[in-house]
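> Sequence:
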Amino acid sequence: MPVTRMSRLFGRTLREAPADADSANHQLLLRSGLIVQLAAGVYSFLPPAWRTLRKIEQIVREEMEAAGSQEMRMPAIQPRELWEESGRADSYGPVLFNLKDRRERTMVLAPTHEESVTDLFRKIVQSYRDLPQSVFQMQTKFRDEPRPRGGLVRVREFIMKDAYTFDVDDDAFQLTYNAMRQAYYNTFERCGVPVVAVQADSGAIGGKQSEEFIFLTEIGEDNIILCSCCGYAANQERAEFTRGQPAGTVGELEEVETPGVTTIEGLAEFLDIPAQSTAKAAFFLVDGQPTFAVIRGDLEVNELKLINALDALEARPLLPEEVEAAGWVAGYASPIGVDPARVIADPSVVEAGGLVAGANRVGMHARNVTYGRDWTAATVADIGMAQPGDACTECDDALKMQRGIELGHIFKLGTRYADPMEATFLDADGERRTPIMGCYGIGIERLMAAVVQANHDELGIVWPRSVAPFDVHVVPLGGGDDVTAALSQIESQLSEAGLQVLSDDRDERAGVKFNDADLLGAPLRVTIGSRGLTQGQIELKLRRDAEPTPVPLDSAAEAALAALASLDG
RNA sequence: CGGAGCGUGGCGCAGCUUGGUAGCGCACUUGACUGGGGGUCAAGAGGUCGCCGGUUCAAAUCCGGCCGCUCCGACCA
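If you're matching positions, the first sequence starts at 9 in the numbering used here and goes up one per residue.
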């Protein structure tokens, strides 16, 4: 393997990070000259970064193949009709990069490949004898994200590993899913990034159950609810929680004057009652329909749960004028008298008994508002947002919340795509059946960012050996004949041993070379200087260690291999 | 899409309020010295000050419009 010369390396290190970079990984990736931004959410990956990305890809590839998946390739350019067939042209619409070919036909740049693979399935698979099937691809995908951010964390053009599986039934699927789940743990472990699997919402991909593999870090963009007692972990989007003691009252419905009181906090204070004794109304436009959501006053509505409970596609808070048009009084709204078909209630208000709610008149609230007696809702469902401190549904311990980055997401798709696209097979009885699909994604560049975030210090990156762009960073000091001779000996011994070697052949001072070596973060540094050579010694230093170790020049290569081997354990 | 901020040499920034020859640090080139944690000295190269328009004798600076980038939110594997 040829030695890479620092003087020839395409890219430069920076002493100061560009002002745009916020997180440690983004700053280090820029400072070390690994990535260069071209546009918002669009980056170039210079040679060392590309080496790392290929190593990550290879780990992913090995684990996918070990799980029985076959690598393949699918088109990035696709006719928009394919997306209309699955029904996602609209739901995924704004994220799709659209383009027209010379015949004015509308094409899209694929953001993901469920449609493509389902199309392939129906063209290829006819019999249960052909199942199960598992394929994967690592390709560039394109998403016109509303807001790229965090360096490589959310970008618009990125490599994604996606695997897709097809099984004859739920039982068979579960085996496939479990194997993939294990492959995910293996993959992240090998890349040196700790992850936690959490229950998640399946979002625009669709389907029934899904789990995200989260790297917990303060720079993450997802909120993760965790129970340190029993291990429950879920994205806040769908986390469940116990609602605590109801604080309802018993009595006749009666109105009470509450001038100027329009918030739950104000109401609780004005009437000297706990927020748990109040009902909160929140108004949403759900798939175009004004919807009245009711939840206990101390809780917040989780819009995603709301959408899922109503089997809807989208929701947003109503604008003030829309609230008025619906006949509701912001700040004093009451579910009493509202068409139950437009009301959705959280169990917290149903179970509580009498609560203080609005009276649908400015300046008036009502006491003892009781579900079932005074009002009802067509839908009663969990629409509450779990918060840190809420009780775990499994063990009643207090839940915690941490930020995290979603590195992988695995889904049970069920028949979400096979149904609309009419992908079927014949079973042993000659009956036409629909395959149970799964899909399994990993963002490759995002994973690299997580590797850096999880493996750095104040001086630079500390690459895990498995994905380091170079195994060894050789630093010759001075250009004396003794150094030159030892350098050439070491370089050839290390590269003949199969190591990837970066050699700093620049005429720079020691400090400059050491700082760049720390920044670039190769696991092992080999320092060759006259000072040591007079005793026949060179120095080895693991990047993660503070101090170098002198070793005899003659056995330096073996010592280097041993030092690297010590990292793999 | 709503809110905030920023666009001046490769990177980090000053200059703008009060219009008048575009500056500093790092990096880069050449030379000398130096040589184990971003060294010193000397001499250099490099910028239509994001773009377009306006005001003015004169615009980086004032005014209008647009574009780009970042952050918060919305949204989003």
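Incorrect hints may appear among the rest.
[Said to hold, decoys possible] Cβ-Cβ distance ranges computed for the label pairs, FRET-style:
1. ASP553 <-> GLN497: 31 to 41 Å
2. PRO102 <-> SER15: 20 to 30 Å
3. ASN186 <-> ARG130: 37 to 47 Å
4. LEU327 <-> VAL50: 44 to 54 Å
5. GLN253 <-> ASN186: 32 to 42 Å
6. LEU46 <-> LYS131: 31 to 41 Å
7. THR114 <-> GLN66: 34 to 44 Å
8. ARG539 <-> SER563: 12 to 22 Å
9. PRO325 <-> VAL520: 54 to 64 Å
[To be verified] Taking lysine to aspartate or glutamate pairs in the DMTMM-like style, the calculated list, with each CA pair at most 20 Å apart, reads:
10. LYS131 <-> GLU165
11. LYS549 <-> ASP576
12. LYS108 <-> GLU79
13. LYS549 <-> GLU566
14. LYS108 <-> GLU92
15. LYS521 <-> GLU89
16. LYS549 <-> ASP435
17. LYS131 <-> GLU79
18. LYS108 <-> ASP152
19. LYS408 <-> ASP553
20. LYS131 <-> ASP427
21. LYS408 <-> GLU547
22. LYS408 <-> GLU165
23. LYS131 <-> GLU93
24. LYS131 <-> GLU430
25. LYS108 <-> ASP98
26. LYS521 <-> ASP553
27. LYS131 <-> ASP465
28. LYS408 <-> GLU226
29. LYS521 <-> GLU466
30. LYS549 <-> GLU466
31. LYS549 <-> ASP562
32. LYS521 <-> ASP465
33. LYS408 <-> ASP209
34. LYS131 <-> GLU439
35. LYS131 <-> ASP98
36. LYS408 <-> ASP306
37. LYS108 <-> GLU93
38. LYS521 <-> ASP490
39. LYS108 <-> GLU89
40. LYS521 <-> GLU504
If you're looking for bench data, these hints aren't it; they were derived computationally from the structure. Note that the Cβ used here is the ideal one computed from N, Cα and C, for glycine as well.
> So, for every hint listed, does it hold in this structure?
Now for the hints, and whether the structure bears them out:
1. A hinted range of 31 to 41 Å is violated for the C-beta pair ASP553 and GLN497, which are about 24 Å apart.
2. The hint said 20 to 30 Å for the Cβ distance between PRO102 and SER15, and at roughly 46 Å that hint is violated.
3. For the hinted restraint 37 to 47 Å between ASN186 and ARG130, the CB-CB distance of approximately 26 Å leaves it violated.
4. For the hinted restraint 44 to 54 Å between LEU327 and VAL50, the CB-CB distance of approximately 34 Å leaves it violated.
5. Between GLN253 and ASN186 the beta carbon distance is about 39 Å. The supplied range of 32 to 42 Å therefore holds.
6. As the Cβ distance of LEU46 to LYS131 is approximately 37 Å, the hint placing it in 31 to 41 Å holds.
7. Between THR114 and GLN66 the beta carbons are some 36 Å apart, a value that agrees with the proposed interval 34 to 44 Å.
8. Against the hinted window of 12 to 22 Å, the Cβ-Cβ separation of ARG539 and SER563 comes to about 19 Å, which satisfies the hint.
9. For the pair PRO325 and VAL520, the supplied restraint of 54 to 64 Å holds, since their beta-carbon distance comes to about 55 Å.
10. Straight-line distance between C-alpha atoms of LYS131 and GLU165 comes to about 29 Å, which puts the hinted pair past the 20 Å bound.
11. For the given pair, LYS549 sits about 16 Å from ASP576 by alpha-carbon distance, which is consistent with the 20 Å threshold.
12. Distance check on the hinted pair: LYS108 and GLU79 sit about 30 Å apart at the alpha-carbon level, beyond 20 Å; violated.
13. Between the alpha carbons of LYS549 and GLU566 the distance comes to roughly 14 Å, so the proposed pair stays at or under 20 Å and holds.
14. The straight-line distance between the Cα atoms of LYS108 and GLU92 is roughly 16 Å, inside the 20 Å bound, and the hint therefore holds.
15. Between LYS521 and GLU89 the CA atoms are separated by roughly 55 Å; this puts the pair beyond 20 Å, and the hint is violated.
16. Proximity of LYS549 to ASP435 is assessed by CA-CA distance (about 62 Å); at most 20 Å being required, the pair is judged violated.
17. Proximity of LYS131 to GLU79 is assessed by CA-CA distance (about 18 Å); at most 20 Å being required, the pair is judged to hold.
18. Of the supplied pair hints, the one linking LYS108 and ASP152 holds, its CA atoms being roughly 16 Å apart against a limit of 20 Å.
19. Annotation: proposed proximity of LYS408 to ASP553 is violated, straight-line Cα distance about 34 Å (limit 20 Å).
20. For the proposed pair LYS131 and ASP427, the alpha carbon gap of about 15 Å is at most 20 Å, so the pair holds.
21. Pair hint LYS408 plus GLU547 does not hold up; C-alpha atoms about 46 Å apart against a cutoff of 20 Å.
22. Distance check on the hinted pair: LYS408 and GLU165 sit about 34 Å apart at the alpha-carbon level, beyond 20 Å; violated.
23. A C-alpha spacing of about 15 Å is found between LYS131 and GLU93, which places the hinted pair at or below 20 Å, so the restraint holds.
24. Distance hint between LYS131 and GLU430 is fulfilled; the C-alpha atoms sit about 11 Å from each other, no more than 20 Å.
25. Distance restraint check for LYS108 and ASP98: the Cα-Cα separation of roughly 18 Å lies within the 20 Å cut-off, and the hinted pair is therefore satisfied.
26. For the proposed pair LYS521 and ASP553, the alpha carbon gap of about 17 Å is at most 20 Å, so the pair holds.
27. Proposed proximity of LYS131 and ASP465 is contradicted: the alpha carbons are some 52 Å apart, above 20 Å.
28. Using a Cα cut-off of 20 Å, the hinted pair LYS408 and GLU226 holds, with the two alpha carbons roughly 14 Å apart.
29. Taking the CA atoms of LYS521 and GLU466, the gap is near 16 Å; set against the 20 Å cutoff, the hint holds.
30. For the proposed pair LYS549 and GLU466, the alpha carbon gap of about 17 Å is at most 20 Å, so the pair holds.
31. With a C-alpha separation of about 17 Å, the suggested pair LYS549 and ASP562 falls inside the 20 Å cut-off, and the hint holds.
32. For the proposed pair LYS521 and ASP465, the alpha carbon gap of about 17 Å is at most 20 Å, so the pair holds.
33. For the hint linking LYS408 to ASP209, the alpha-carbon distance of about 19 Å falls within 20 Å, and the restraint holds.
34. With a C-alpha separation of about 18 Å, the suggested pairing of LYS131 with GLU439 holds against the 20 Å cut-off.
35. At most 20 Å may separate the alpha-carbon atoms for a hinted pair to count; LYS131 and ASP98 exceed this at roughly 25 Å.
36. Between LYS408 and ASP306 the alpha-carbon distance is near 18 Å, which keeps this suggested pair within the 20 Å criterion.
37. About 19 Å separates the Cα atoms of LYS108 and GLU93, which keeps this hinted pair within 20 Å; it holds.
38. A hinted pair counts as satisfied when its Cα atoms are at most 20 Å apart, and LYS521 with ASP490 qualifies at roughly 19 Å.
39. Between LYS108 and GLU89 the alpha-carbon distance is near 13 Å, which keeps this suggested pair within the 20 Å criterion.
40. A threshold of 20 Å between alpha carbons decides the hint, and for LYS521 with GLU504 the separation of about 24 Å lies outside it, so the pair is violated.
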